[in-house]
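**Q** Below, each chain spelled out in residue letters.
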Amino acid sequence: MAWTRDEMCARAAQELEDGFYVNLGIGMPTKVANFIPDGMDVNFQSENGMLGMGSFPTDNEVDADLINAGKQTITETPKSVYFDSAQSFAMIRGGHINMSILGALQVAENGDLANWMIPGKMVKGMGGAMDLVAGVKRVVILMDHNAKDGSAKLLKECNLPLTGAGVVDDIITELGLFRIGEGGVHIQELAPDVSVDEVRERSEATIVTQ
Amino acid sequence: MAWTRDEMCARAAQELEDGFYVNLGIGMPTKVANFIPDGMDVNFQSENGMLGMGSFPTDNEVDADLINAGKQTITETPKSVYFDSAQSFAMIRGGHINMSILGALQVAENGDLANWMIPGKMVKGMGGAMDLVAGVKRVVILMDHNAKDGSAKLLKECNLPLTGAGVVDDIITELGLFRIGEGGVHIQELAPDVSVDEVRERSEATIVTQ
Amino acid sequence: MSKKVYADAKSALDGLLHDGMTILAGGFGLCGIPEHMILAVRDSGVKDLTIASNNAGVDDFGLGLLLQTRQVKKMISSYVGENKTFEAQFLAGELELEFNPQGTLAERCRAGGAGIPAFYTKTGVGAIIAEGKETKEFDGQTYVMERGLTGDLAIIKAWKGDKAGNVVFRKTARNFNAPMATAGKVCVVEVEELVEPGELEPDGIHLPSIYTHRIFQGQDFEKRIEFRTVSEA
Amino acid sequence: MSKKVYADAKSALDGLLHDGMTILAGGFGLCGIPEHMILAVRDSGVKDLTIASNNAGVDDFGLGLLLQTRQVKKMISSYVGENKTFEAQFLAGELELEFNPQGTLAERCRAGGAGIPAFYTKTGVGAIIAEGKETKEFDGQTYVMERGLTGDLAIIKAWKGDKAGNVVFRKTARNFNAPMATAGKVCVVEVEELVEPGELEPDGIHLPSIYTHRIFQGQDFEKRIEFRTVSEA
Numbered sequence: 001m002a003w004t005r006d007e008m009c010a011r012a013a014q015e016l017e018d019g020f021y022v023n024l025g026i027g028m029p030t031k032v033a034n035f036i037p038d039g040m041d042v043n044f045q046s047e048n049g050m051l052g053m054g055s056f057p058t059d060n061e062v063d064a065d066l067i068n069a070g071k072q073t074i075t076e077t078p079k080s081v082y083f084d085s086a087q088s089f090a091m092i093r094g095g096h097i098n099m100s101i102l103g104a105l106q107v108a109e110n111g112d113l114a115n116w117m118i119p120g121k122m123v124k125g126m127g128g129a130m131d132l133v134a135g136v137k138r139v140v141i142l143m144d145h146n147a148k149d150g151s152a153k154l155l156k157e158c159n160l161p162l163t164g165a166g167v168v169d170d171i172i173t174e175l176g177l178f179r180i181g182e183g184g185v186h187i188q189e190l191a192p193d194v195s196v197d198e199v200r201e202r203s204e205a206t207i208v209t210q
Numbered sequence: 001m002a003w004t005r006d007e008m009c010a011r012a013a014q015e016l017e018d019g020f021y022v023n024l025g026i027g028m029p030t031k032v033a034n035f036i037p038d039g040m041d042v043n044f045q046s047e048n049g050m051l052g053m054g055s056f057p058t059d060n061e062v063d064a065d066l067i068n069a070g071k072q073t074i075t076e077t078p079k080s081v082y083f084d085s086a087q088s089f090a091m092i093r094g095g096h097i098n099m100s101i102l103g104a105l106q107v108a109e110n111g112d113l114a115n116w117m118i119p120g121k122m123v124k125g126m127g128g129a130m131d132l133v134a135g136v137k138r139v140v141i142l143m144d145h146n147a148k149d150g151s152a153k154l155l156k157e158c159n160l161p162l163t164g165a166g167v168v169d170d171i172i173t174e175l176g177l178f179r180i181g182e183g184g185v186h187i188q189e190l191a192p193d194v195s196v197d198e199v200r201e202r203s204e205a206t207i208v209t210q
Numbered sequence: 001m002s003k004k005v006y007a008d009a010k011s012a013l014d015g016l017l018h019d020g021m022t023i024l025a026g027g028f029g030l031c032g033i034p035e036h037m038i039l040a041v042r043d044s045g046v047k048d049l050t051i052a053s054n055n056a057g058v059d060d061f062g063l064g065l066l067l068q069t070r071q072v073k074k075m076i077s078s079y080v081g082e083n084k085t086f087e088a089q090f091l092a093g094e095l096e097l098e099f100n101p102q103g104t105l106a107e108r109c110r111a112g113g114a115g116i117p118a119f120y121t122k123t124g125v126g127a128i129i130a131e132g133k134e135t136k137e138f139d140g141q142t143y144v145m146e147r148g149l150t151g152d153l154a155i156i157k158a159w160k161g162d163k164a165g166n167v168v169f170r171k172t173a174r175n176f177n178a179p180m181a182t183a184g185k186v187c188v189v190e191v192e193e194l195v196e197p198g199e200l201e202p203d204g205i206h207l208p209s210i211y212t213h214r215i216f217q218g219q220d221f222e223k224r225i226e227f228r229t230v231s232e233a
Numbered sequence: 001m002s003k004k005v006y007a008d009a010k011s012a013l014d015g016l017l018h019d020g021m022t023i024l025a026g027g028f029g030l031c032g033i034p035e036h037m038i039l040a041v042r043d044s045g046v047k048d049l050t051i052a053s054n055n056a057g058v059d060d061f062g063l064g065l066l067l068q069t070r071q072v073k074k075m076i077s078s079y080v081g082e083n084k085t086f087e088a089q090f091l092a093g094e095l096e097l098e099f100n101p102q103g104t105l106a107e108r109c110r111a112g113g114a115g116i117p118a119f120y121t122k123t124g125v126g127a128i129i130a131e132g133k134e135t136k137e138f139d140g141q142t143y144v145m146e147r148g149l150t151g152d153l154a155i156i157k158a159w160k161g162d163k164a165g166n167v168v169f170r171k172t173a174r175n176f177n178a179p180m181a182t183a184g185k186v187c188v189v190e191v192e193e194l195v196e197p198g199e200l201e202p203d204g205i206h207l208p209s210i211y212t213h214r215i216f217q218g219q220d221f222e223k224r225i226e227f228r229t230v231s232e233a
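Protein chains in written order, with this note's numbering: chain A, 1 to 210; chain B, 1 to 210; chain C, 1 to 233; chain D, 1 to 233.
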């Protein structure tokens, strides 16, 4: 039985460690924040210029000067600190963020990542994604195992334009947790009742078992 | 009659303009601050991390956390702002400081400046001088016309190691105000009763009259 | 020092605008954008602008207003979603677009303001945005060279400023405003509150007065929210 | 988050010191130096240190103490006057010295902390410090390439810090402390006052907690003044 989206987020949250500084991408990765184990201190960075990001505000707390990188209204916490975009990406580029959890269109078995453009479609831009994958210590991809048309997203080589080359460390899909390593994509953990064969069938990348 | 040191400082102060941001070197240049014309708003930068530097403190005001680049105790003013050394030199290197007034060992007629080391003597270091002469919009040298042994300091070429190449705009000595220009050092103004011949005699550089 | 103080956006920009110029516009999304100066630029009719801004506003607010009037020739941005006018003009070939990774754009401005003509970064190595750019190896890793960016004019939004030009931002409205301010040959700041010199804490100033050439207090900021997300109380 | 909090300099540096390491030490002259950690480094006996610091202290205070005990192999500084011990050891060939222009040293630390392996600057072009370094032309001007600088450890002095690691400096004691903090693989901060998270204004923090690995409140700071210059009241 494949993991639900909540289970995927919860599994991603288990990769966090106490004291970590973490940047969560827009979409499903944002929800990982809801699954932080009790008592674990995780500090969320928002690349538009904040550490110690809080949850969404109540109606009364909404502040136009306080948004996240997805341009959503948020709140501050006792640990919050604000800074400018140059400082924000100094942190990111400089390797000070422990982990980033991001979505993906394609991941290749050598760690290449494509998550910002589809040729022929209108390109919205890479935002901070290229900086995050280049600079953050550990990049975890949280994505559906396959595209909507059923095609593989775990590939031998990406055919979409890259966000970064050799940047991915781990991939979490509904089928399990995978790690980029010697010889291909290593299965670290499978969702209940998911078989290695199913992973292989639904991937193009070389799948390595421990 | 050559200018006194006070007259030299006063003459340098006349080169300032209302609204200027100015960095004054250690020694005689520091005294230029005492000759700012009334009503003129000049903002002094101290490269250790301050704009809006005030005068020396009274005994009661002395604060170990408030010093200038010469490590002397100073005071703040209503316009004061503090910043770190990277920001301070971003200002300097980025051309945001209007003028720097500095001392010199030697100035060449092409604007080369030597003011930081004498081979064979203990070298204390360039501090911020190389950054200032490379980055500040206008570099004014305030110095004795000749060395203590009577040798020329306004030269065809510096023979001491350079602080910067082609960086000097103006030179003020007890003999007058000089500008680096086409063909050599141009006399802009002479102190009372100082002749062009005296300047030529006491300089090695090509002296150009208007 | 009050010579830096102007009455409003129009007077503060007087004499600074010309066709074909490059403008650095602070803000992230609609947060911390110089909304009064964007309107004044629109009303001035200046055209063929190159605008560096992380985003391009929405159709009817922020920089989207200058797209509607076709005053923009080129955008330098990291993300231009949320804007149909942009998409239509871009697909019709009427608008040039230079994508910069967000951190590279911020650093290019910071470098431009700090007298650094170029720097190396890992960001974008192996991606199409690095194509045609010089690369160099340091300690066994490949980096791409990016150029410092400066503009004819920086238009900046802040929370408070004093009449000497010292400026304070508020929360995440700081974003690109600080680095872009340093990279403008001229920088004009609109603030919500203009105060006397000495009223701002000298240890708490985000943008030192040296970067502020002109400043004015804007009236009736709209401060539109792009995505109002709320939780239950 | 209180896992970052230590009792004193000795415990805060426990396990971080080893012979031959590179230490980035904040401060300008004697202003804003990590005086407790300098003593703890001395007492640890660690040797063959490379220390990047704008200055080298005076004979009997600041980094001069580590020179007296001959724990320093090399200094990276912009100005080392005011220190006879330094002069004697240097002239005897017992101490290596790498001069960096002050702004280049600050920018090298800022770059090192920001993941920028190298940048270009006009500073030092034509001077002996540029000899042997790569140069490059941009827009008709020559610039020299300088490398980002990182260290095994940054030792930083601040005014206030909270237990999460957010830090505030005071007046000109900020200086090199902020950029050096970002460039240390590990950064330890000594503060005059340690407060609870939330007590510092989040818009007024100079060094975000992410850069602070360990923090402690120092007791009885001497804060020696190098040149006490006073005017009449």
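Take the hints with a grain of salt, since some may be wrong.
Claimed, not checked - Pairs of lysine-lysine, DSSO-like flavour, derived with a Cα cap of 30 angstroms:
(1) B:Lys-121 with D:Lys-133
(2) B:Lys-137 with C:Lys-4
(3) C:Lys-10 with B:Lys-31
(4) D:Lys-4 with A:Lys-137
(5) C:Lys-84 with B:Lys-137
(6) A:Lys-31 with D:Lys-163
(7) A:Lys-121 with C:Lys-163
(8) C:Lys-163 with D:Lys-160
(9) B:Lys-124 with D:Lys-163
(10) C:Lys-136 with C:Lys-10
(11) C:Lys-185 with D:Lys-84
(12) C:Lys-4 with A:Lys-124
(13) A:Lys-137 with C:Lys-10
(14) C:Lys-136 with A:Lys-156
To be verified - To be clear about the criterion: a stretch of chain B counts as covered by chain C if any three or more of its residues have a C-beta under 8 angstroms from a C-beta of chain C, and this derived list gives those stretches:
(15) 23-33
(16) 165-173
As the list claims (entries may be wrong) - Residues from chain A shown here face chain D by an in silico Cβ test under 8 angstroms; the list is partial:
(17) Met-1
(18) Ala-2
(19) Glu-17
(20) Phe-20
(21) Tyr-21
(22) Gly-54
(23) Phe-56
(24) Pro-78
(25) Ser-80
(26) Arg-93
(27) Gly-94
(28) His-96
(29) Met-117
(30) Gly-120
(31) Lys-137
What the hints contain is simulated information worked out from the structure, not anything from laboratory work.
All C-beta atoms in this analysis are idealised placements derived from N, C-alpha and C, irrespective of residue type, glycine included.
**Q** Determine for every hint whether it applies to the structure shown.
**A** The hints, checked one at a time:
A hinted pair counts as satisfied when its Cα atoms are at most 30 angstroms apart, and Lys-121 (chain B) with Lys-133 (chain D) qualifies at roughly 25 angstroms. Our distance criterion of 30 angstroms between C-alpha atoms is met by Lys-137 (chain B) and Lys-4 (chain C), whose separation comes to about 20 angstroms. The straight-line distance between the Cα atoms of Lys-10 (chain C) and Lys-31 (chain B) is roughly 41 angstroms, outside the 30 angstroms bound, and the hint therefore fails. Restraint check: the Cα-Cα separation between Lys-4 (chain D) and Lys-137 (chain A) comes to about 20 angstroms, which is no more than 30 angstroms; the hinted pair holds.
Distance hint between Lys-84 (chain C) and Lys-137 (chain B) is unfulfilled; the C-alpha atoms sit about 44 angstroms from each other, more than 30 angstroms. Pair hint Lys-31 (chain A) plus Lys-163 (chain D) holds up; C-alpha atoms about 27 angstroms apart against a cutoff of 30 angstroms. Annotation: proposed proximity of Lys-121 (chain A) to Lys-163 (chain C) is violated, straight-line Cα distance about 48 angstroms (limit 30 angstroms). Between Lys-163 (chain C) and Lys-160 (chain D), the direct Cα distance comes to roughly 29 angstroms. Compliance with the 30 angstroms bound is thereby established for this hinted pair.
Using a Cα cut-off of 30 angstroms, the hinted pair Lys-124 (chain B) and Lys-163 (chain D) is violated, with the two alpha carbons roughly 39 angstroms apart. Note on Lys-136 (chain C) and Lys-10 (chain C): the hinted pairing is violated, with a Cα-Cα distance of about 46 angstroms set against a maximum of 30 angstroms. Annotation: proposed proximity of Lys-185 (chain C) to Lys-84 (chain D) is violated, straight-line Cα distance about 45 angstroms (limit 30 angstroms). For the suggested pair Lys-4 (chain C) and Lys-124 (chain A), the alpha carbons sit about 38 angstroms apart, so the restraint of at most 30 angstroms is broken.
At roughly 47 angstroms between alpha-carbon atoms, Lys-137 (chain A) and Lys-10 (chain C) are farther apart than 30 angstroms, so this suggested pair is violated. For the given pair, Lys-136 (chain C) sits about 27 angstroms from Lys-156 (chain A) by alpha-carbon distance, which is consistent with the 30 angstroms threshold. With a threshold of 8 angstroms between beta carbons, the proposed coverage of the region 23-33 of chain B by chain C is violated, since 0 of its residues qualify and at least three are required. For the region 165-173 of chain B, the proposed coverage by chain C is not satisfied: 0 residues have a C-beta within less than 8 angstroms of a C-beta in that chain, short of the threshold of three.
Taking 8 angstroms as the C-beta cut-off, the interface hint given for Met-1 (chain A) is violated, the closest approach to chain D being about 38 angstroms. The closest approach between the C-beta of Ala-2 (chain A) and any C-beta of chain D is roughly 35 angstroms, which is over the 8 angstroms cut-off, so the hint fails. Of the supplied interface hints, the one on Glu-17 (chain A) is violated, with its beta-carbon coming no nearer than about 11 angstroms to a beta-carbon of chain D, more than 8 angstroms. Annotation: interface hint on Phe-20 (chain A) violated; nearest CB of chain D at approximately 10 angstroms, more than 8 angstroms.
Among the interface hints, the one on Tyr-21 (chain A) holds; its C-beta lies about 5 angstroms from the nearest C-beta in chain D, closer than the 8 angstroms criterion. Hint status for Gly-54 (chain A) relative to chain D: violated, with the closest Cβ pair at about 11 angstroms, above 8 angstroms. At a threshold of 8 angstroms, the smallest CB-CB gap from Phe-56 (chain A) to chain D is about 18 angstroms, leaving the interface hint violated. Against a cut-off of 8 angstroms between C-beta atoms, the interface hint on Pro-78 (chain A) holds, since the closest Cβ of chain D lies about 3 angstroms away.
For Ser-80 (chain A), the shortest C-beta to C-beta distance to chain D is roughly 4 angstroms, which falls under 8 angstroms, so the interface hint holds. A cut of 8 angstroms between beta carbons decides the hint on Arg-93 (chain A): the least distance to chain D is about 3 angstroms, and the hint holds. With a cut of 8 angstroms, the hint placing Gly-94 (chain A) at the interface with chain D holds, because the nearest CB-to-CB distance is about 4 angstroms. About 5 angstroms separates the beta-carbon of His-96 (chain A) from the nearest beta-carbon of chain D, less than 8 angstroms, and the hint is met.
At a threshold of 8 angstroms, the smallest CB-CB gap from Met-117 (chain A) to chain D is about 24 angstroms, leaving the interface hint violated. Taking 8 angstroms as the C-beta contact cut-off toward chain D, the hint placing Gly-120 (chain A) at the interface is violated, the least distance being around 33 angstroms. At about 11 angstroms, the closest approach between the beta carbon of Lys-137 (chain A) and any beta carbon in chain D exceeds 8 angstroms, and the interface hint on this residue is violated.
In the structure shown, a violation is registered for the earlier hints numbered 3, 5, 7, 9, 10, 11, 12, 13, 15, 16, 17, 18, 19, 20, 22, 23, 29, 30, 31, in ascending order.
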